[in-house]
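Chemist: In case you want the letters, here they are:
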Amino acid sequence: MTRSKAPPGSFFDLAAGGAGAVDAPAAASETAAVPPCNPSVDALREQFPDGVLRNEVCAGDQDVVYVDSARLVEMLGWLHESPGQQYDHLADVTAVDHGGGRPIEVVYQLWSIPHRAALRVKCELPLDSLEIDTVTGIWVGANWLEREVYDLFGVHFTGHPDLRRILMPDNYAEGHPLRKDFPLRGRFSRAEQTRRALTQDPEDYYMPGEIGGRVPQLVAEDAGGDAEEADDVD
Amino acid sequence: MSTRTVEFEVARNPEMGPGGTLVASPTEPFDAPEPELGADTMLVNVGPQHPATHGVLRLVVELDGETVVRVDPRLGYLHSSFEKLGEYRTWNQVVPLTDRMDYLAPLIYNCAYVMAVEKLMGIEVTDRCRVARVVCMEMDRIFSHLLWLGTWSIDVGAFTPFLYAFQQREKVYKLHEALTGARITTSATRIGGMMADLPEGWTDGVREFANNLPATLDEIDGLLKHNAIHIGRTQGIGAISADEAVNCGLTGANLRASGVPYDVRKDRPYYDYESYDFEVPIGCHGDCYDRYLVRMEEMRQSTRILHQALDRLPAGPMDVEDPRISLPSKTDCMSDMESMIHHFKLITEGIPAPAEDCWFSVEGSKGELGMYVVGDGGPKPVRWRIRPPSFVNLSAIPRLSEGHLMADLIMINASLDIVLGEIDR
Amino acid sequence: MGVDTPGMLGSGSPAFLTTRLDFVVNWARRNSLWPMPFGTACCAIEMMASAASNFDLARFGMERMSFSPRQADVLICAGRVPYKLAPVLRRIWDQMMQPKWCISMGACASSGGVFDVYSMVQGIDTIVPVDVYIPGCPPRPEGLIYGLMMVQEKIRGESLANHADLRAEDPLAAGRPRADDREVTDLTGPFGNSTHQNRVSGLVATDAVGRSEDRLP
Numbered sequence: 000m001t002r003s004k005a006p007p008g009s010f011f012d013l014a015a016g017g018a019g020a021v022d023a024p025a026a027a028s029e030t031a032a033v034p035p036c037n038p039s040v041d042a043l044r045e046q047f048p049d050g051v052l053r054n055e056v057c058a059g060d061q062d063v064v065y066v067d068s069a070r071l072v073e074m075l076g077w078l079h080e081s082p083g084q085q086y087d088h089l090a091d092v093t094a095v096d097h098g099g100g101r102p103i104e105v106v107y108q109l110w111s112i113p114h115r116a117a118l119r120v121k122c123e124l125p126l127d128s129l130e131i132d133t134v135t136g137i138w139v140g141a142n143w144l145e146r147e148v149y150d151l152f153g154v155h156f157t158g159h160p161d162l163r164r165i166l167m168p169d170n171y172a173e174g175h176p177l178r179k180d181f182p183l184r185g186r187f188s189r190a191e192q193t194r195r196a197l198t199q200d201p202e203d204y205y206m207p208g209e210i211g212g213r214v215p216q217l218v219a220e221d222a223g224g225d226a227e228e229a230d231d232v233d
Numbered sequence: 000m001s002t003r004t005v006e007f008e009v010a011r012n013p014e015m016g017p018g019g020t021l022v023a024s025p026t027e028p029f030d031a032p033e034p035e036l037g038a039d040t041m042l043v044n045v046g047p048q049h050p051a052t053h054g055v056l057r058l059v060v061e062l063d064g065e066t067v068v069r070v071d072p073r074l075g076y077l078h079s080s081f082e083k084l085g086e087y088r089t090w091n092q093v094v095p096l097t098d099r100m101d102y103l104a105p106l107i108y109n110c111a112y113v114m115a116v117e118k119l120m121g122i123e124v125t126d127r128c129r130v131a132r133v134v135c136m137e138m139d140r141i142f143s144h145l146l147w148l149g150t151w152s153i154d155v156g157a158f159t160p161f162l163y164a165f166q167q168r169e170k171v172y173k174l175h176e177a178l179t180g181a182r183i184t185t186s187a188t189r190i191g192g193m194m195a196d197l198p199e200g201w202t203d204g205v206r207e208f209a210n211n212l213p214a215t216l217d218e219i220d221g222l223l224k225h226n227a228i229h230i231g232r233t234q235g236i237g238a239i240s241a242d243e244a245v246n247c248g249l250t251g252a253n254l255r256a257s258g259v260p261y262d263v264r265k266d267r268p269y270y271d272y273e274s275y276d277f278e279v280p281i282g283c284h285g286d287c288y289d290r291y292l293v294r295m296e297e298m299r300q301s302t303r304i305l306h307q308a309l310d311r312l313p314a315g316p317m318d319v320e321d322p323r324i325s326l327p328s329k330t331d332c333m334s335d336m337e338s339m340i341h342h343f344k345l346i347t348e349g350i351p352a353p354a355e356d357c358w359f360s361v362e363g364s365k366g367e368l369g370m371y372v373v374g375d376g377g378p379k380p381v382r383w384r385i386r387p388p389s390f391v392n393l394s395a396i397p398r399l400s401e402g403h404l405m406a407d408l409i410m411i412n413a414s415l416d417i418v419l420g421e422i423d424r
Numbered sequence: 000m001g002v003d004t005p006g007m008l009g010s011g012s013p014a015f016l017t018t019r020l021d022f023v024v025n026w027a028r029r030n031s032l033w034p035m036p037f038g039t040a041c042c043a044i045e046m047m048a049s050a051a052s053n054f055d056l057a058r059f060g061m062e063r064m065s066f067s068p069r070q071a072d073v074l075i076c077a078g079r080v081p082y083k084l085a086p087v088l089r090r091i092w093d094q095m096m097q098p099k100w101c102i103s104m105g106a107c108a109s110s111g112g113v114f115d116v117y118s119m120v121q122g123i124d125t126i127v128p129v130d131v132y133i134p135g136c137p138p139r140p141e142g143l144i145y146g147l148m149m150v151q152e153k154i155r156g157e158s159l160a161n162h163a164d165l166r167a168e169d170p171l172a173a174g175r176p177r178a179d180d181r182e183v184t185d186l187t188g189p190f191g192n193s194t195h196q197n198r199v200s201g202l203v204a205t206d207a208v209g210r211s212e213d214r215l216p
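Chains as they are written, first to last, in numbering that gives the first Met the number 0: chain R, 0 to 233; chain Z, 0 to 424; chain V, 0 to 216.
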């Protein structure tokens, strides 16, 4: 039964090294240059020859395009507007931290409802300049997704209308939790965390001046957290 | 593609334009020039512990009289850091986390996660497993919609449909329990298969459930569909046009109520969904009432899929017959040296995944449920990301509720069908 | 509270009177417990299931879910409680009137469960005093009903004579954690499987909080 087995030449054969080893050269060349499944990749490269850094095919049939972060908004805007592309559904914005000082990837999952095509666009941001332009001007739905990436990874989205923490408390001082250098249980002791939690006022950020806007002391606290984190990175 | 629109023969409010244009809600305060009472707006805090926010959502609402000027949702009151925790576990150990994320449709989450990992690893599951997972997912779509129906009717002021819906839910609880031993936290899937084969007589139970459900739905429809209070509180409330809904990232029933026929099961079929005969209901006004109709119809369509899937459920093995992926049987472990070694290696080392990433999305009960998994060649994920459908759906609530009454905000929130465990993760 | 503080009826009240009165008061309290459902996650769904017709919590006089803490007698904390929610939980507990009881429903509320992570309270007993813990992930509705019956059992043993002792409440404690730093450290130290996962992961070295002594039973 072929279906019930991992296909030949798959990762398992490579990892095992045994019977599938003959397929290894073919599979290894896969990472080098595989023609993309999605014609949008070539179209994008044609339109922005210097914006597309490289592309690859992941998990069999998924196209990934690495783009220059400076031209990201322009390129995504083209993918959204251009009649041949029409990537009108931004499924997801997220980030990946591979750890070990490697750059943080910001990942955009696009889907075109009219053309039924998927495309994954990635931007690599070095750890010392985690800034990228916002795409909320193209997709309104990116608003909260970008806020979440900011909250959990510390990536700043330039031009975002409302870049606040979304999941963690506004005055969270321990850093950005999904970074690889962030310990699973947080930086503070449990006792400290409990004490800090109960000093929050449940009615905070509830007054007219505070709703929807940035509160001055909140920024200061946040900056303190970042500084502490920078120390830990070193 | 087959026809996708389901006609709803319900008389609409004649004031309402097609295409989801925003119209005056029936209870809108009079337009006559009001005496100047000062331009101050009022802030009202709803939640985080409030029965109508369906969890621990907090909405800070700015009101002008009774009219909503601005809504600022505050999240994170249930942030349990699933994604961080997943990075510390092997691929199979993540499965129990997935059903604690959306406790309304746990099996869909179990299936979606392992489907993403299987795609990353290049594993093809057996035919029996594919159909069994379809049964599980459709059953839980109904399971989740039934809870939505119950809480929705409580929000609209009707308690009886809640009891009716929970009676049906109890049947699914029993089926869950027979399949996995747990009522909610199922953890039923494993990479390359399921935790166990379907128990004997289980399919009969599912079939009985699918047979009985439409009668209950009709009963609830009879209470709500033409009910003047229900119509008055939902028609024309929270309307959003198709273009705007797509731009906001809405998915699932919320998007389809606006008339966009985007359903992952049809547009990017997985597990042979293209071979099942079912229709995707779409609405045309994009308001709360259409979302209600769409979800009710979705449950009926899911029962159709259930029947077809049960009919075609093939015999054969449930798990992939690859000792590097599936655990050997207990008997083999005890009698066969090689199986024992495989068992030992699987438990202690886990299954390695290639250093690639993979995005896989299914049609969850709340919308497009995406799983994004990144491997590094080791047995643990580098990153496990969930595209939470209700998180993105909820982000449209400031836009949806603007200009409506405070009471309408509750209905809009209910119509989005959110689950906080998944929003905050 | 001191030992010499008299009960509600004064120190010299005849014993037979208090016993009969105790019985009446406890009977009334026991059979009309109004729960304050503090439901957050999966356990809240099971709590809803126990209120629905199959399990029918109303049989025990608890059908009146009181969403206002001031009209509630027993706080059912069902589900995970992150640190962001902790002040809300404490606020609700402080708002409830005496006499009041607290049920911690499920593994996450009782001990943090599988979520031994940066954002989660490791057991709500660090925040509020808990009367009954219900194990399970999530507990079945029968479990919740049994837990509520244990609260009833606890009420049965109460007496107006030691009312002041049982109901002692320090107004200064409002809005503060129930446990002090040392107790929090003791209660939340990683143990068992959670420590194991950290060592194996190899992703980062997380400094496990050392227990000053073993967990007391």
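Hints listed in this document are in silico derivations from the structure and should not be mistaken for laboratory results.
Owing to the predicted nature of the structure, the values given are computational and were not obtained by experimental measurement.
Every residue, glycine too, gets a C-beta built ideally from N, C-alpha and C.
Treat the hints with care, as some may be off.
What the hints assert, rightly or not - Among chain V residues calculated to face chain Z with C-beta under 8 Å, some are:
#  : residue
1  : Ile44
2  : Asn53
3  : Lys83
4  : Phe114
5  : Tyr117
6  : Val131
7  : Tyr132
8  : Cys136
9  : Pro137
10 : Met148
11 : Met149
12 : Glu152
13 : Lys153
14 : Leu171
15 : Arg175
Chemist: Are Phe114/V and chain Z close enough, Cβ to Cβ, to be under 8 Å, as the hint says?
Modeler: holds (5 Å)
Chemist: Per the CB criterion, is Glu152/V less than 8 Å away from chain Z?
Modeler: Cβ of Glu152/V sits 25 Å from chain Z, so the hint is violated.
Chemist: Per the CB criterion, is Lys153/V less than 8 Å away from chain Z?
Modeler: Where the cut-off is 8 Å and the nearest Cβ of chain Z is about 25 Å from Lys153/V, the hint is violated.
Chemist: Are Leu171/V and chain Z close enough, Cβ to Cβ, to be under 8 Å, as the hint says?
Modeler: Violated, because the Cβ-Cβ distance from Leu171/V to chain Z comes to roughly 24 Å (cut-off 8 Å).
Chemist: Would you settle whether the hint for Tyr132/V is holds or violated, based on the nearest Cβ-Cβ distance to chain Z being less than 8 Å?
Modeler: violated (18 Å)
Chemist: Double-check Tyr117/V for me: the hint is only fine if its C-beta lies closer than 8 Å to a C-beta in chain Z.
Modeler: Where the cut-off is 8 Å and the nearest Cβ of chain Z is about 6 Å from Tyr117/V, the hint holds.
Chemist: Answer holds if the nearest beta-carbon of chain Z is closer than 8 Å to that of Pro137/V; otherwise answer violated.
Modeler: Holds - the Cβ of Pro137/V comes within 8 Å of chain Z, reaching about 6 Å at its closest.
Chemist: Should the interface hint for Val131/V be scored as holding, given a Cβ-Cβ cut-off of 8 Å against chain Z?
Modeler: violated (20 Å)
Chemist: Verify the interface restraint on Arg175/V: the C-beta must sit less than 8 Å from at least one C-beta of chain Z.
Modeler: violated (19 Å)
Chemist: With chain Z as the partner, please determine if Met149/V meets the hint condition of a C-beta pair closer than 8 Å.
Modeler: violated (21 Å)
Chemist: Quick check on the hint: Cys136/V CB to chain Z CB, less than 8 Å?
Modeler: Holds. Min distance 6 Å.
Chemist: Report holds or violated for the interface hint on Lys83/V, using the least CB-CB distance to chain Z and a cut-off of 8 Å.
Modeler: holds (5 Å)
The structure does not agree with the numbered hints 6, 7, 10, 11, 12, 13, 14, 15 stated previously, though it agrees with the rest.
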